[in-house]
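Sequence lines, in order, name chains A and B.
If you count the first sequence from 1, position 36 lands on 836 in our numbering, and the numbers rise without skipping.
If you count the second sequence from 1, position 181 lands on 186 in our numbering, and the numbers rise without skipping.
Keep in mind the hints are simulated off the structure, nothing from the lab.
If you're wondering where the values come from, they're calculated on a predicted model, not measured in any experiment.
Any given hint could be a false lead.
[Claimed, not checked] Covered stretches of chain B (in silico footprint by chain A; criterion: 3 or more residues with CB under 8 Å from a CB of chain A, positions within the stretch not fixed):
#1 165-172
#2 231-245
[Unchecked claim] Pairwise CB distance ranges (calculated):
#3 B:S253 - A:P885: 51 to 57 Å
#4 B:L108 - A:P1042: 57 to 63 Å
#5 A:H949 - B:L108: 29 to 35 Å
#6 B:I159 - A:T985: 19 to 25 Å
#7 A:T985 - B:F96: 38 to 44 Å
#8 A:H949 - B:S12: 43 to 49 Å
#9 B:C98 - A:K925: 42 to 48 Å
#10 B:Q37 - A:H949: 56 to 62 Å
#11 B:W258 - A:E872: 32 to 38 Å
#12 B:C98 - A:K999: 49 to 55 Å
#13 A:R1001 - B:P157: 29 to 35 Å
#14 A:P856 - B:S253: 49 to 55 Å
#15 A:T985 - B:T265: 20 to 26 Å
#16 A:T887 - B:G244: 52 to 58 Å
The beta-carbon is built from N, C-alpha and C at its ideal position, and this holds for glycine as well.
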Amino acid sequence: MQNQNFHEEIHAYPTAKLSVEHVYKEFTNSSGEHVRALEDVSLNINEGEFVCLVGPSGCGKSTLLNIIAGLEKPDSGMALLDGVPITGPGRDRMMMFQEHALFPWLDVIGNVMFGLKQKPNLTDKERLEVAKYYLFLVKMDRFAHANIHELSGGMKQRVALARSLAPNPKILLMDEPFSALDAMTRERLYGDIQDVWDKRRKTIVFVTHNVREAVCLGSRVVLFSPHPGRVRREFPIDLPRPRNINDHDLADMSSLITSELKGYQAAESD
Amino acid sequence: MKRVLVSITFFVIIILIWAALTGDLAFLGLDQSLWSPYIMPPPSRVAAYLWDNTVNGKLIVSMGVTLRRLLIGYVIGLVIGVPLGMLAARFRCVQDTLGHLALSFQALPSVCWVPLACIWFGQTEAALLFVVIMGTMWSVLLSTENGIRNVPPIYARAASTMGSSPLHTLVFVTMPASAPFIVSGMKQGWAFAWRSLMAAEIYVAVVSGFGIGQHLHYGRELQRMDQVIGVMFIIILVGLLADKLLFSPVESWLHRRWGTGKD
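In isolation and in its complexed conformation, chain B is listed as follows (with noise of 0.2 Å):
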C-alpha cells in the first residue's frame, strides 16, 4: 500500500510541475508560462484533446482500426514464430539456416522493413501487418527455440516410459515445459509489435483506416503538440494495459506453479 502511494505521489508531481511551467496553476499565481503551447502544451489541452476526441468516437473508431491490425499482425507472427521455432530447436540444418536468420533480422528495427513493404503491398493494410509480422515473428521464432532447447531431457524419458508417442510429448511435456521462455518471448514480441505498428502508422498513411499513430503524424503535420502528448498517452496506455491484463496473469501463474521469482 506504502509503495502505492509513494508511486502515485510521484506521478501526481511530474504532472504538477508540468502544469506549473505551462501556466495551468494560474490560479495560484504561477502564470509564467515558460513554453508556447505550440511547443508544449498544458496538461488541460491535452486532457481536453482526449475528453473531445473520445466523446466524438474518433479516437475509439482509430483504435479499434490499430488494434485489429495490431492483433491480426501479432497472431499470424506466432502462428508463424512458434513452429518455425519447435523446427529450428529440433534440426540443427533449421537452425543453422532459419535461426541466423532470425538472430540478424531480429537485430533490425522494424520500422526498416516500411520502405520496402509500401513498395511490396502499396499504402494498405497488408504493408503495415507485415511490418507488424516483422516486428514479432523472429523474437517468438528465437525465444520458443531457447526454450525447448532448455528443456531437459529427463522430461522427455519419463513421459516416453509413461506410453507418450512423440506427439504426445511435444504438446503435453516439451511445449508446457518451455512455457516461461515462450511467454517472455510472446510479450517481447508483443512489445515489437506495437512499436513497429505505431512506426508503421505514422510512417504511412493507409486510406484504408485512420490509426492512432496516424493522429500522432497528424498532429505533428497541424502542429498541435496537445494532440501528439495526448496520443502517445494513448500508446502508452494500451502498452501497460496489454501487460497487465495480457501478459501478467499467465506469469504470475507461471512463476507460482515453476516457483520461480517472487511478487
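So here's chain A without its partners, still in its complex pose (with noise of 0.2 Å):
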C-alpha cells in the first residue's frame, strides 16, 4: 500500500506550459532613477520545453524568473500557468538560485525532505523514500546524512536540484545555477541536469548569460537585450542530445548567437 504511493509519486511526472503575455517591469534604483527591467516582453514555453534566457546583466532575464516563480509581481501583463493567472509562489513551480540557499541547520536529506513535507497523501516513510529516490538521481545518495558545510560548491547544487525536484514540480526555475562553480564541475552537471531533465521530462526555464551554456542545455535560446529589457531574438537548437560543451557544432551555434549579442549591444554604445 505505501510502496503504491511511493511509485504512484516517483512516477508521476507533472508539467504544464508557460505563458508570459506583455509584462511591463519597473524598478527604482539606489539613486532615485526608474529602470525598465521588462518592457513587453512574451514568451510562450510548451510542456517540456527546455528553454534557455540568456543576455547581459540588466536585461532582466531574471526578473522574468522571478515573476513566473510568484515571487515578484508586474506592473502590467502577466504570467500564465497552464492559462492559470500566476499570483504567488507555489510548489508546482521550483525555483533554483545561483546561491545554493540549502539551510545549513538541516542535513542534506532534511533539506530535500522540506517541501516534500508540505506535500500531502504522503507517509513520513514515503517523503523518506521518495527524498532518497531523488538523492539518487542527482548521485548524492551517499551524503544523504553529511552537512552542508561539508559539501563542495557542486555537491551543494546537486542537493539543491534535489531539494527541488522532490515535491515533483510541473517547472523547475533555475537562476544562474551553475555561475559560481569552476568549469570542471559545471560540465560534469552540464550531462547530469540534461539527464534529469530526460527522466524528469520537467519544463525548465533556465537563467544564464553564458551562451554556450544556454546553447548546451537549452532545446531552445531566448536571447535579450537591456536598456529596457527585451525578448531580442529566439533561436531553436536542434543539436543531438546528450550535448557536450566542446561540441563543434555547439561552438557554432553558440559564436551566432554571441555575434548578435555584440551586434545589439555595439549599435548600442554608439
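Mind docking these for me? Both chains are given alone in their own frames, and the hints should help you get the complex.
Following this line, the structure appears as C-alpha cells:
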C-alpha cells in the first residue's frame, strides 16, 4: 500500500506550459532613477521544454524568472501557468538560485525533505523514500546525512537540485545555478541536468549569461537585450542530445548567438 | 589530556598556596598563617562548612529555593524576550521604540532594579523574579532581533517557492536560521539572570524562602568568611554546570551543523 504511494509519486511526471503576456516591470534604483527591467515581454514555453534565457546583466531575465516563480509581481501584463494567472509562489514551480540556499540547520536529506513535508498524501516513511530517490538521481545518495558545510560547491548545487525536484513540480526555474562553480564541475553538471530533464520530463526555464551554457542545455535559447529588457530573438537548438559543451556544432551555434548579442551591444554604445 | 592535566595542576597549586598561607599545612611546618580565619579562612574550614551544611540539608533546601526563582524568572524572561525580539526585527517602529528601550536597559545592571522592586512588590518572591526577568529579557530580546535580522533573505524566498506559508517560514526557517544568535542570547540572558538573582538575594531578605545568596549575606553579618567563600564556590559551580549541561551541548551541535568554529 505504502509502496504504491511511493511509486505513484515518482512515476508521476507533471508538467505544464507557461505563457508570459506583455509583461512590464519597472524598478527604482538606489539613486532614485526608474529602470525599465522588462518592457512588453511575451514568451510561450511548451510542456516539457527546456528554455534558456540569455542576455547581459540588466536585461531583466532574472526578474522574469522571479515573476514566473511568483516572488515578484509585474506592473502590467501577466504570467500564466496552463492558462491560469500566477499570483504567488507555489509548489508547482520550484526555483533554484545562484547561491545554493540550502538550510544549514538541516542535513542533506533534511533539506530534500523540506518541501516534501508540506506535500499531503504521503506518510513520513514515503517522503523519506522519495527524498532518497532524488538524492540517488543527482548522485548524492551517499551523502544523505552529511552537513551542508561539508559539501563542495558542485555537491551543494546537486542537493539544491534534488530539493527542487523532490516535491515533483511542473516547472523548474533555474537562476544561474552553475555560475559560481568551476569549469570542471560545471561540465559534469551539464551532463547530469540533461539526464535529469530526460528522466523527469519537466518544463525548465534556465537563466544564464553564458551563451555556450545556454546552447548546451536548451531546446530553445531566448536572447534578451537590456535597457529596457526585451526579447531580442529566439533560437531553436536542434543539436542531438546528450550534448557536450566542447562540441563543434555547439560552438558554431553559440558564436552565432554571441555575434547577435555583440551586434546590438555595439549599436547601443554608438 | 595534557591540557586537562595542566589545568588541574594549576588549580591544585592555587589551593595549596591558599592552604599554606592560612595555616592548613601546619603538619609540614608551614604553621605561620598570614591572616586570622575571620579575614581569610583556610580551605579546610570552607570544606567543613560546605560538608556540614550539605549533610544537614540547609544548602540543598536553599539551592532548591534559588534554582526555582532562577528558572521561573528566566523562562518568563525568554517568553517575553523572544517574541518581542521577533517583532523588533520585523517592524521598524518596534525596533525604534522597544529596541532602543532594550538597549538602554541592557546597559543597566539589573541589581539597580532592586530598590524599585522592593517598593513595588515588597520583600516577596515577586520582587526577586522581577529583578531576574529584567536581567534576562533585554539581552534575549536584542539577540533575537539581531539573529533574525541576520537571516539571509534567500532562505525565506527558497521556502516560499517550496510552499511555506509565512507562519511556516517563521517557525521552520527563520527561527532555526537565527538559532546560533538566539542560543548565544539565551546563554547571555542566563548569565545575567544568575548574577542579578545573586545580587538581589544578597540585597533583599525574603521570608518566603532562604536562598543561596542569603547564606552569603548572613555569612557577612556573622563574620563567617568560611561561609561566604563556601557560598561563592557554590555560585561558581552552578554557573559552570549550567554552561556545561545546558548550553555546551547545544552550542557544539550548532557548530558541527553550521561548520562554524572548532571544539
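Hints versus structure:
Three residues within the 8 Å Cβ limit are the bar, and the segment 165-172 of chain B against chain A gives 5, so the coverage statement holds. Counting residues of the segment 231-245 of chain B whose CB falls under 8 Å from any CB of chain A gives 0; the rule of at least 3 is not met. Look at S253 (chain B) against P885 (chain A): about 53 Å separates their beta carbons, and that is inside 51 to 57 Å. Range check, L108 (chain B) to P1042 (chain A): about 59 Å between beta-carbon atoms, so the 57 to 63 Å window is met.
Here the CB-CB span from H949 (chain A) to L108 (chain B) is close to 32 Å, well matched to the stated 29 to 35 Å. For the pair I159 (chain B) and T985 (chain A), the beta carbons lie near 21 Å from each other, so the given range of 19 to 25 Å is met. At about 42 Å, the beta-carbon gap between T985 (chain A) and F96 (chain B) stays in the expected band of 38 to 44 Å. At about 30 Å, the CB distance of H949 (chain A) to S12 (chain B) disagrees with the hint of 43 to 49 Å.
The hinted window of 42 to 48 Å between C98 (chain B) and K925 (chain A) holds, with their beta carbons roughly 47 Å apart. Roughly 59 Å separates the CB atoms of Q37 (chain B) and H949 (chain A), a value that falls within the hinted 56 to 62 Å. The hinted window of 32 to 38 Å between W258 (chain B) and E872 (chain A) holds, with their beta carbons roughly 37 Å apart. Separated by about 51 Å at the C-beta atoms, C98 (chain B) and K999 (chain A) satisfy the suggested range of 49 to 55 Å.
Distance hint for R1001 (chain A) and P157 (chain B): a CB-CB separation of about 32 Å, consistent with the stated range 29 to 35 Å. Between P856 (chain A) and S253 (chain B) the CB atoms are about 52 Å apart, so this pair conforms to the stated range of 49 to 55 Å. As the Cβ distance of T985 (chain A) to T265 (chain B) is approximately 25 Å, the hint placing it in 20 to 26 Å holds. One distance hint, 52 to 58 Å for the beta-carbon pair T887 (chain A) and G244 (chain B), holds here, with the actual separation near 54 Å.
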